[in-house]
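Please arrange chain B on chain A, whose structure you already have, making use of the hints.
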Amino acid sequence: MYAFEIDRPTTLADAIKALGAEDAQALGGGQTLIPSLKQRLASPARLVCLSGVAEIKGIRTADDGALCIGGGTTHADVAAGAGAYPALAALAANIGDPAVRNRGTIGGSLANNDPSACYPAAVLASGATVVTNTRQIAADDFFDGMFATALEEGEIITEVRFPVPEAASYQKFEQPASRFALVGVFVAKYATGVRVAVTGASEGGVFRWSEAEAALTSSFTPEALDGLVLSGDGMIADLHGSGAYRAHLVDVMTRRAVAAAG
Amino acid sequence: MPKDGGIGASTRRREDVRFLTGNGHYTDDINLRGQAYVHFLRSDVAHGRLRSVDTSAAEAMPGVLRIFTGKDFEAVGGVPCGWQVTDRFGQPMQEPKHPVLAHGKVRHVGDPIAAVVAETREQARDAAEAIELDIEELPAVVDMKAALKDGAPKVHDELTSNLCYDWGFVEENKSAVDEAFAKAAHVTTLELVNNRLIANPMEPRVAVGDYNRSTGDSTLYTTSQNPHVIRLLMGAFVLGIPEHKLRVVAPDVGGGFGSKIFHYAEEAFCTFAAKALNRPVKWTSSRSEAFMSDAHGRDHVTKIELALDKDNNFTAIRTETYANMGAYLSTFAPSVPTWLHGTLMAGNYKTPHIYVNVKAVFTNTVPVDAYRGAGRPEATYQLERVIDKAAHELGVDPIALRRQNFITEFPYATPVAVEYDTGDYHATMDKLEEIADLKGFAARRKESEARGRLRGLGINCYIEACGIAPSNLVGQLGARAGLYESATVRVNATGGLVVMTGSHSHGQGHETSFAQVISEMIGIDADMVEIVHGDTANTPMGMGTYGSRSLAVGGSAMVRATEKIINKAKKIAAHLMEAAEGDIELKDGRFSVAGTDKSVAWGDVTLAAYVPHNYPLADLEPGLEETAFYDPANFTYPAGAYACEVEVDPDTGRVTIERFAAADDFGNVVNPMIVSGQVHGGIGQGIGQALLEACAYDENGQLLTGSYMDYAMPRAADVPFYRVDHSCQTPCTHNPLGVKGCGEAGAIGSPPAVVNAVIDALQSGGHDIAHIDMPLSPSRVWQAMQG
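Keeping their order, the protein sequence lines are chains A and B. Numbering (my numbering) for the first sequence: 1 to 262. Numbering (my numbering) for the second sequence: 1 to 787.
Isolated chain A (complex conformation) (with noise of 0.2 Å):
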């Protein structure tokens, strides 16, 4: 680790002035920037340690009956919380390990982005909307490929809003070594269609299987998917498996989801 200076803000408006100083980066809960600085990989001058700032914090549902859920919320407060959204709740509990859940926060993951990560398929398929200090920012827009994201410099967080589908189910199959989702499919059915977003699989990052939806929002059974081929270009190939498994296996987390999600 190389040597840093750390401000522990507590409000929002700190952070974000904290923010302003050059080199300054935020911290959520660290669960990867912290291993990063340790393999001096990462050498920012200064750290906004954004853990003290209880603002960010916290689930509520809103008028229009959206869940949300404050940026510097850990998975486990997510966990055991996010009862409306039985499914985001049990995709939060299956993060990590516990130690992962009690400092990792979703703000920290989604701007993280990391393209085996559980949260962004969950906010892709849920239709959400990442608020910011700046902005209200659509899940369409919000993710751009792996580790990038629409996020400006310095921008901030504050609140994830889940619209609360009438059924839901996130099915992860793990890499065998990191517990990563080497294909993780997070389906969500809504009176509008279905979504269907996918993580761990593609070289683009998270990204809704759009053929899929079209078919489920016609029949919502592991059926309504046979005949579709997904390809595995693109998808990512590596140690753990080829671009045909990932894509296989899209295909059926797909449909254990639909059938989980009933």
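Fair warning: there could be bad hints in the mix.
To give an idea of the interface, some chain A residues facing chain B are shown, with a C-beta separation under 7 Å as derived from the structure [unchecked claim]: (1) Pro176; (2) Ser178; (3) Leu228; (4) Leu230; (5) Gly241; (6) Gly243; (7) Tyr245.
By construction, these hints were calculated from the structure, which means they are not laboratory data. Predicted, not measured: the structure shown is a model, and the values here were computed from it. Each residue gets a CB set at the ideal place from its N, CA and C atoms; glycine is no exception.
Just chain B, lined up with the frame of chain A:
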């Protein structure tokens, strides 16, 4: 009735109190006054010529005391190899120098180039980043067969090729074996890979070097399974320090699994630098460093052929193995694919003709050496896989085929130069069939199939040679060390005992089980016995712990020393009771005169030994302290039968272990609970090898599995509740305890059971699959199912 103490009791492990409450004392807990820290700058290329190492900018960095490079070690020896193998043609293996710090060339990712010693760890690391390296990258050799091709880049320029040795065993058997194959009614052939593993003990390696200016003595604190061996290798071959000026201490050690047997360059460096700087120098490996600097295990590519006659009797076995040595010869590397592998190729079966060929190859990878089982898992895996394949090809029951070929008469001399003293392979197989409930398998398979899962059953046997070993024999085989063990038993005046053993405990529970043996022999409470190990300053020269040898060899030394103690104590007791020595009996901690009611307590005798007022001083020295060195007459041969049931998810290829049973014959058992724990741990590592673990390099020699993000370790959820049994006991005939050793069995016996089970599951689902190489990851199994 289970005993509550002594031999055979499941006494709770006394060492766990300190381990589980955070009071263990590990090498990293040692911090000496004035201690400096070293950071090793390691190569990030697999193969390259070191044009220059410019340390000038780094030397000016804050806190830097000195920067060492390969040039500083030109005058000292290389890290030595402790075993010389002679090849098929009577020639010694090729043995390149292994410099403490790379000089001239770097030969694997992680090869240390420079060592920065500074006031703090971070300062050392900062300065290492300021060292300017000019490395001419050379093509790397990673694949063993490619490394042996003409024109392949040479790992060591001074050698004639990348071939370390081409070993034939037994070379004189070769023509008889070829003849048996020519006459065979059926030949089954299998090509397979025994995957490269990284040991991953919980505690990474640590070394602290210290130098005492007033006495000129050096001390090394290190994470070692065998401090005396390190003292001898490092003192005599690397640094030129005589043993009486060098102390090596291995305190609590958090697991080794073989990887902490070896003498490593970092140990020599810290000892050397402490003297050069007159400051203690400490190195603590990071986990990332461990992946690229701890010796790896396994990494064999093998072709095995099994010949059978028309009645399905095994008539011959022929194998050809390529064994990866990595870039340098680690301490015992050459012995693993040869004497610890070839000698086990008979397995549990009376195959009259066996020939084993092993080609050991240098590559631009981390050195490979012994890992739990060391050679014996590689032998067992190929043999038990080819037998299963033969059973499938011949349409016979795999258990029946094994039983038909079992060795049943002991002692049995194999065609691969070892003599099994005892065993009863039908008994362990009978026990396995019972505890694994094989009768219920068909119903369980149906139930799995109803849930859309394929269920498979895998059975195998294993034998291993443990308790290594007779020193005169291993000397003939190329060992540059003896393999006896030692113990000093010191009885204190008030009756307590301190046993100083040459064995080393790094998780095995010696402090508990060794004390149980003494407790049984004397009839005193085990709490009166203290087991001391790990410090060359207060233990007799011993060879340490590996090869499941501690109880069989170290325990035997302790028994012999205790026998001497008892014999002397009887003389003292005879004097005290004015009786004949021959009439003295020791029972429950009291000496009595046979046929009388006269007795004296153990403590009265020990007190007399140290306060010899009423004592036969003319005939007997005062005091009660004895040392014994025990050199075994033969290896021990634990054996057993394992069963694994798996489910395969045909949609994803994911394998889950549903049941696992192990019936082992370890001879006599001192602490059944500790033995069960050893078997559990071994099976866990075997399941890790079979399903999860694989060290992978790309074609440029870059380590692809350099962290737990890509190297998959088994976790609790990956293993089932085991059914283990060690009630089948054919005691070893040549050591005083009748014990055989249990530390490696689980890791040896379990990989073939898992793979046999997965292949059985896939075949039950109509897939024509004869073999999948480990680890049987979901993607590999799915790929195989695609045809």
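These are the hints, each one checked on the structure:
Hint status for proline 176 of chain A relative to chain B: holds, with the closest Cβ pair at about 4 Å, below 7 Å. Annotation: interface hint on serine 178 of chain A holds; nearest CB of chain B at approximately 4 Å, less than 7 Å. With a least beta-carbon distance of about 15 Å to chain B, the hint placing leucine 228 of chain A at the interface is violated under the 7 Å criterion. The beta carbon of leucine 230 of chain A is not positioned within 7 Å of any beta carbon in chain B (closest approach about 15 Å), and the interface hint is therefore violated.
Hint on glycine 241 of chain A holds. Least Cβ distance to chain B is approximately 4 Å, under the 7 Å limit. Of the supplied interface hints, the one on glycine 243 of chain A is violated, with its beta-carbon coming no nearer than about 11 Å to a beta-carbon of chain B, more than 7 Å. About 5 Å separates the beta-carbon of tyrosine 245 of chain A from the nearest beta-carbon of chain B, less than 7 Å, and the hint is met.
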